[in-house]
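There are 2 protein chains.
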Amino acid sequence: MSSATVETNKNGAAQNLMEKAPWTDEQGIAMKVYNGIAIALEIFVLYLKMTATFLHSIYQFFVPPEPKSVNGEIVLITGAGHGMGRETALRFGKLGGIIVCVDINPVGNQETVDLIKEQKGKAHRYECDVTDREAINALAEKIRREVGEVTMLINNAGIMPCKPLLKTSEKEIRASFEINIIAHLWLVQAFLPSMMERNHGHIVAMSSMAGVVGLRNLVPYCATKFAVRGMMEALHEELREDKEKDYSGIKFTVICPYIVDTGLCKNPKIKFPSLMKILSPQEAADSIVDAVRRNYHEITIPSSLYYINMICRTLPKAVPLYLKDFLDSGLEAHS
Amino acid sequence: MSSATVETNKNGAAQNLMEKAPWTDEQGIAMKVYNGIAIALEIFVLYLKMTATFLHSIYQFFVPPEPKSVNGEIVLITGAGHGMGRETALRFGKLGGIIVCVDINPVGNQETVDLIKEQKGKAHRYECDVTDREAINALAEKIRREVGEVTMLINNAGIMPCKPLLKTSEKEIRASFEINIIAHLWLVQAFLPSMMERNHGHIVAMSSMAGVVGLRNLVPYCATKFAVRGMMEALHEELREDKEKDYSGIKFTVICPYIVDTGLCKNPKIKFPSLMKILSPQEAADSIVDAVRRNYHEITIPSSLYYINMICRTLPKAVPLYLKDFLDSGLEAHS
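Going down the list, the sequences are from chains A and B.
Just so it is clear: in the first sequence, position 118 is 118 by the UniProt record's numbering, and no numbers are missing.
Just so it is clear: in the second sequence, position 214 is 214 by the UniProt record's numbering, and no numbers are missing.
Chain A extracted, bound-state conformation (with noise of 0.2 angstroms):
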């Protein structure tokens, strides 16, 4: 064996033992059948595992698990002015949720928290700038004063600038990084050691069917949502994979709408309605809350896309893209 192969085998720890021990040959010998009977056993029981978890997410896909309740958490929404945010606040409020309104816009945001009271909900307005790290700490000190431990962080503010690459000025590009994804960031990094303290929470964030695929007018907003579902998928693998703690109470869902008329949205072209129609605010939050109660790692809405999505991935790339350039759909540049 080179030294070549040594040192890139410097992490097989096993390997580079039988190399150096002073060993017999028989010796030798015994220690590779038994290395190999043990990882023949360790295969059977990943084959075991992998086959009994495959069969009961096809019995899941037919009986849903059953929607938890959100009675007293304590729900942060960032963009609860408007739209979705709105939506989902209000739904989340009807279910018992004590509802922590976050929003750039004072105005907005107070007729959210006025919208969940008349209908007997409890909602506290806060006004932050999602973007300012320091902001969001002072504001997570203050939320925990005022109202307590968030349990619930839906990560739900952003914008949209929806023109060709080349005529996105700096300042949109800096900003669809700033608010659609580094603050996800900072809400995570404020929120969830307190989550992690105790095993229980939820963070939500929102991307895009625009963060599953590439569309055009659509080029840093894609990259923030995709760059969305990166993050997200990093952070579970992170907790999941912990070593020192469980941290199976804290879940994670990603929602990836298609479009949803929030006014962020200004020319969407829709060839065939009845297969892909635009949504309403309210449409995308009965979904967003549904997935979120059931625990659903990623959703699409309408949750056709996934498995739509899902199969074109496993197609070399220029076969779905005549499928696309049939559908025809997608956002033309703001005039």
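I should point out that these hints are in silico values taken from the structure, not numbers from a laboratory.
In this text, all values refer to a predicted model and were calculated from it rather than measured experimentally.
Among these hints, one or two may not hold up.
Intra- or inter-copy, both count: the list cannot distinguish identical chains.
Here are the simulated BS3-like cross-link-like pairs (lysine-lysine), alpha carbons at most 30 angstroms apart as the crow flies [stated by the list, open to error]:
1. Lys317 - Lys277
2. Lys163 - Lys243
3. Lys245 - Lys120
4. Lys94 - Lys142
5. Lys171 - Lys251
6. Lys171 - Lys122
7. Lys317 - Lys117
8. Lys324 - Lys245
9. Lys94 - Lys163
10. Lys32 - Lys117
11. Lys142 - Lys120
Could you slot chain B onto chain A? The hints should help.
Chain B alone, transformed into the frame defined by chain A:
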């Protein structure tokens, strides 16, 4: 048809016309039959095109396209002073490309230029902080005057803070986004226009396997590397779907390496080195140059991970996690 339905159909012009036009019943039926036949034909053509492309892709899997010549191309590489950037620069230099080496570190960058010149290649050195948009635009002007129009842009520069999210500083998070993804956008904005004018060019972006699956200790890094894939796919679509001009001469390649020993990974962990070994920058650069020359859209290094990931993504999310745990590789946090 309710008014709500008409509203969601506002872009389905054909349907609306049929509702409103003062035609007789027979004319209406004839119109419907005509529309039905037109759509059936469209679907049939779609089916033929998809099947043909699918078969062509399978053929290309066994008989890959011939690598193109890069002789005389002006190849800009960011982060050329080190690791995969340097190795890629050396290879393109050997193939006759005029290499524009860009790095924030002049020492490593000069070494790369010297190495290219030693092997009788052409190379130019430019010092630039890629996170400074003004500096990039000035650099682009300078390169245009001193070397010519860049025809291949290789967005390679990147950083990888490797620690749990809660221990990652604001500075590390911001720098990751600035260097790993936002800089790509500045460079594309600077160099794409001249490629579009001549419908000739190639944009290459370094993503990572951490841009395909979420990994622990790499939460912001995964976000930025997912973002690279989203940006590239969206940009490719934006040019492909342009109705005014043909940009099919501009190619896009995304590179997703697993663990490459460039000094970025401090504590790589590999359980089965024979299955997934740590790659040298040289091996990675061989794959990068091959993928670029064959105009591949996306590759993983090693290539087997592409298919493993494709299969895993069609399974319920929990199933491949067992496999991930079994293979038990990844990066430990910096000590």
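Hint by hint, here is what the structure shows:
no.	hint	verdict
1	Lys317 - Lys277	both (25 angstroms within a copy, 27 angstroms between copies)
2	Lys163 - Lys243	between (45 angstroms within a copy, 15 angstroms between copies)
3	Lys245 - Lys120	neither (39 angstroms within a copy, 57 angstroms between copies)
4	Lys94 - Lys142	within (24 angstroms within a copy, 61 angstroms between copies)
5	Lys171 - Lys251	between (34 angstroms within a copy, 28 angstroms between copies)
6	Lys171 - Lys122	neither (37 angstroms within a copy, 37 angstroms between copies)
7	Lys317 - Lys117	neither (50 angstroms within a copy, 38 angstroms between copies)
8	Lys324 - Lys245	between (45 angstroms within a copy, 19 angstroms between copies)
9	Lys94 - Lys163	neither (38 angstroms within a copy, 39 angstroms between copies)
10	Lys32 - Lys117	neither (69 angstroms within a copy, 50 angstroms between copies)
11	Lys142 - Lys120	within (24 angstroms within a copy, 65 angstroms between copies)
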